[in-house]
Amino acid sequence: MSILALVKRIFHQMLRDKRALALMMVAPLLILTLLNYLLAGNTVDSRLGVINADDMLVEILKDTDITVLKVVENTKDILLDKDLDGILEFTGEEISLTLTNDQPTAAKALKIKVQQAIAAQKAKEQAVNLSSFMENIQSKLPGVPIKMEQVKAPEINTSYIYGNKDTIFFDQLSPILVGFFVFFFVFLISGIALLRERTTGTLERLLATPILRRDIVFGYLLGYGLFAVVQTIIVVTYAVKVLDITLVGSFWNVVIINLTLALVALSLGILLSAFANSEFQMMQFIPIAIIPQVFFAGIFPFESMAGWMQVLAKCMPMYYGGSALVEVMYKGSGLGAITDELLVLLGFALVFIVLNVVALKKYRKI
Amino acid sequence: MVSTIVINDVSKSFGKKLVLNQINLTVESGEIFGLIGPSGSGKTTLVKIIVGMDSPSLGDVQVLNSAVPNLKLLQRIGYMAQADALYSDLTGEENLAFFASLFKLKKDVQKERIAYAADLVNLKADLKKKVQNYSGGMKRRLSLALALIQDPEILILDEPTVGIDPELRRSIWNELYRLKNEGKTILVTTHVMDEAEKCDRLAMVRDGEIITSGSPAELKNQYGITSLEEVFLMAGGKQL
Ligand SMILES: Nc1ncnc2c1ncn2[C@@H]1O[C@H](COP(=O)(O)OP(=O)(O)OP(=O)(O)O)[C@@H](O)[C@H]1O
Ligand SMILES: [Mg+2]
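Sequences listed follow chains A and B, in order.
Just so it is clear: in the first sequence, position 247 is 636 by this note's numbering, and no numbers are missing.
Just so it is clear: in the second sequence, position 4 is 627 by this note's numbering, and no numbers are missing.
The set of hints was computed from the structure by calculation and includes no laboratory data.
There could be a bad hint or two in this list.
Capping the alpha-carbon separation at 27 Å, the derived lysine-lysine pairs in DSSO-like fashion look like this [unchecked claim]:
id, chain 1, residue 1, chain 2, residue 2
1, B, 640, A, 397
2, B, 730, A, 397
3, A, 407, B, 762
4, B, 752, A, 397
5, A, 513, A, 497
6, A, 750, B, 640
7, B, 729, B, 753
8, B, 751, A, 407
9, B, 671, A, 750
10, B, 639, A, 754
Note that the structure is predicted; figures quoted are calculated from it, not measured.
Given only the sequences and the hints, what does the whole structure look like? Please build it.
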């Protein structure tokens, strides 16, 4: 009954606080939308200048969405004047590629494309040479019925286990972001709410009533947890239906993961509020306790981290949340594949909850 | 008369600072007991220890024959803190209803008690207003109403009438008398001497010690003077 009274009060307060409500429900949608357009934006076509290039190569390059211009000289001035990303120059057997490299990732992509194009052209040339060589032999040996199939340049058929050729970075990132926003906003709002109770003295006043310490923690978890449910459903629905983010697995599994994350965020938020004396001090926890979580949530591959970084990653709730979300949203796994992650998250929540109940002893020994 | 609050040799230090030094005090049912003393003398600290919001470094406190702190006891103690602790984004009524349900009052009793408490502090017309729009005195009155909400046997009021106008103060004191006559125990701290005059018994706290106690008349006799204000000043070490 005390828990319900607390939940009711939290509802009154939240529904009246339009800004907090908007922060929780609308802000994640705004950020997701922005990121969606930023990361989905097609890469601008590269512009490449060529000197003494074979026509066939130029055709191949053009096929890969590179704008090819014939230039006369390989100089910085021409590169900059013609707004080129690079110049490819053939002098005899030698090939040189000059890259502007103002955007390293774009430069790298261009370099790979050029290499592939040259390789493709070489292969084609060889194929032509080979077949003409064969024809030559055949014509020289009349009567010998050698039938040669046209030799073709090898072509690689690429297939994808997860996603497809149109998969972009955002598809893999978005599950992590969806989880992170739920984590972040729930942390912030519940943490600040309890902090306000501490600073205005209402928490102390609350503990002068016969309420159990654990009922306060549960009341908070339930009250803000219900808002987290709504938030999760809004964010996931929006991400999938409006932004068309890949969701291979079940919608409800995503909701379950996000709720577990929200539970961790809630219990962590109200726990850390015990160590803050003002809203600003609460914000100071964000770069320490929240931002690093994103880095370990799966944006950078876990396998390539140094050993101690891997240990650190395993201490972060978002590591488990992120990998469970990628598992469900991107790879389409079921609950069975993410039980471990969910259990670890629940373990985190349990530890934080117990610590919360103990931390309230500061106000009342029993 | 039953001893409802018994304080045995209570000392309290914050770090190295000794704030309460071997306090012994007994308050009985059906009396209004006043704690007076200069600012920083330890009144609030003592009161918090009685409620169980703070624990003594040494000694123990018994309220209604049970050792403090005790959850069941909190149901029977009405506490008004010195600093208003209210939910400013809720209305006065919602504040009262919230605490009423923490004291597990039934819906109909809740309504009755809210009406009674709001009426007593003259807040009936403002119950639907958000507390952030209350004046200082209105907040104080709401805090007092909250302390009375579950009809407790023990009332512990830390400077209850600060910021309350004389007319309302009189009606609040009339109500305290009525409650006392019902057999409740009332402990108030105050700086206001005409209020101290209204208490049945007084204890004067100074630097964490009770330097003198007794009825207002006894204190005046002891110092051979006519006004409590002078008692306060003399007990405070100031020469007249
Ligand atoms: N949490 C605390 N930590 C350290 N010192 C404290 C704490 N609470 C109170 N004190 C100190 O204890 C002393 C007594 O404080 P207390 O609040 O009990 O005084 P008071 O008699 O209620 O004063 P006032 O009449 O101004 O309300 C003060 O010196 C105060 O600084
Ligand atoms: Mg005080």
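These are the hints, each one checked on the structure:
Restraint check: the Cα-Cα separation between residue 640 of chain B and residue 397 of chain A comes to about 42 Å, which exceeds 27 Å; the hinted pair is violated. Note on residue 730 of chain B and residue 397 of chain A: the hinted pairing holds, with a Cα-Cα distance of about 15 Å set against a maximum of 27 Å. Taken as a hint, the residue 407 of chain A and residue 762 of chain B pair is honoured in the structure, with Cα atoms around 24 Å apart against an allowance of 27 Å. Distance hint between residue 752 of chain B and residue 397 of chain A is fulfilled; the C-alpha atoms sit about 18 Å from each other, no more than 27 Å.
Straight-line distance between C-alpha atoms of residue 513 of chain A and residue 497 of chain A comes to about 24 Å, which keeps the hinted pair within the 27 Å bound. Proximity of residue 750 of chain A to residue 640 of chain B is assessed by CA-CA distance (about 22 Å); at most 27 Å being required, the pair is judged to hold. Simply put, residue 729 of chain B and residue 753 of chain B have alpha-carbon atoms about 24 Å apart, close enough for the 27 Å limit, and the pair holds. Between residue 751 of chain B and residue 407 of chain A the CA atoms are separated by roughly 19 Å; this keeps the pair inside 27 Å, and the hint holds.
At most 27 Å may separate the alpha-carbon atoms for a hinted pair to count; residue 671 of chain B and residue 750 of chain A meet this at roughly 15 Å. Taking the CA atoms of residue 639 of chain B and residue 754 of chain A, the gap is near 21 Å; set against the 27 Å cutoff, the hint holds.
Checked against the numbered hints given earlier, the structure breaks only hint 1 and satisfies all the rest.
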